[in-house]
Amino acid sequence: MRFRVLPEAQLEAVEAAIWYDDHQQLLGSEFLEEVAAAFDRIRISPDSNSKLETYLGSHDIRRALLRRFPYAVIILRREMEVIIVAVAHTSRRPLYWLERLE
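Residue numbers (the working numbering): 294 to 395.
Note that these hints are calculated values from the structure, not bench results.
Keep in mind the model is a prediction, meaning the values are calculated, not measured.
Some hints could be false.
What the hints assert, rightly or not - The calculated lysine to any residue pairs, modelled on SDA-like cross-linking and capped at a C-alpha distance of 20 Å, are: (1) Lys344 x Leu304; (2) Lys344 x Leu359; (3) Lys344 x Glu392; (4) Lys344 x Leu388; (5) Lys344 x Leu320; (6) Lys344 x Glu308; (7) Lys344 x Ser322; (8) Lys344 x Pro387; (9) Lys344 x Asp333; (10) Lys344 x Thr383; (11) Lys344 x Asp315; (12) Lys344 x Gln317; (13) Lys344 x Arg334; (14) Lys344 x Met373; (15) Lys344 x Val298; (16) Lys344 x Trp390; (17) Lys344 x Ala365; (18) Lys344 x Leu358; (19) Lys344 x Arg385; (20) Lys344 x Tyr313; (21) Lys344 x His316; (22) Lys344 x Arg297; (23) Lys344 x Gln318; (24) Lys344 x Ser384; (25) Lys344 x Phe332; (26) Lys344 x Glu372; (27) Lys344 x Tyr389.
Put together the whole structure using the sequences plus the hints.
Here's what the structure looks like:
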């Protein structure tokens, strides 16, 4: 199965890490470790993530919540591919990433 991360999602993770580092030294690194761990869990078992309830479209959209931070990794699940669409704050701009769906 193919696994890929959209550049926009990667940028969101980096920007959030910078924000966390600005507020507490090394917190950004911890955030990126959480994101990497979520990516690993998704890569190993993409179907174990719950479907996103707020999305009503035709794609198979799932989410993986980060354990220590208020962020979700948004996943587009296809038959032979898993795409990380966004690393999104859970309380801001719901569904802003819809335009990224292919």
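Hints breached by this structure: 1, 5, 6, 7, 11, 12, 20, 21 and 23
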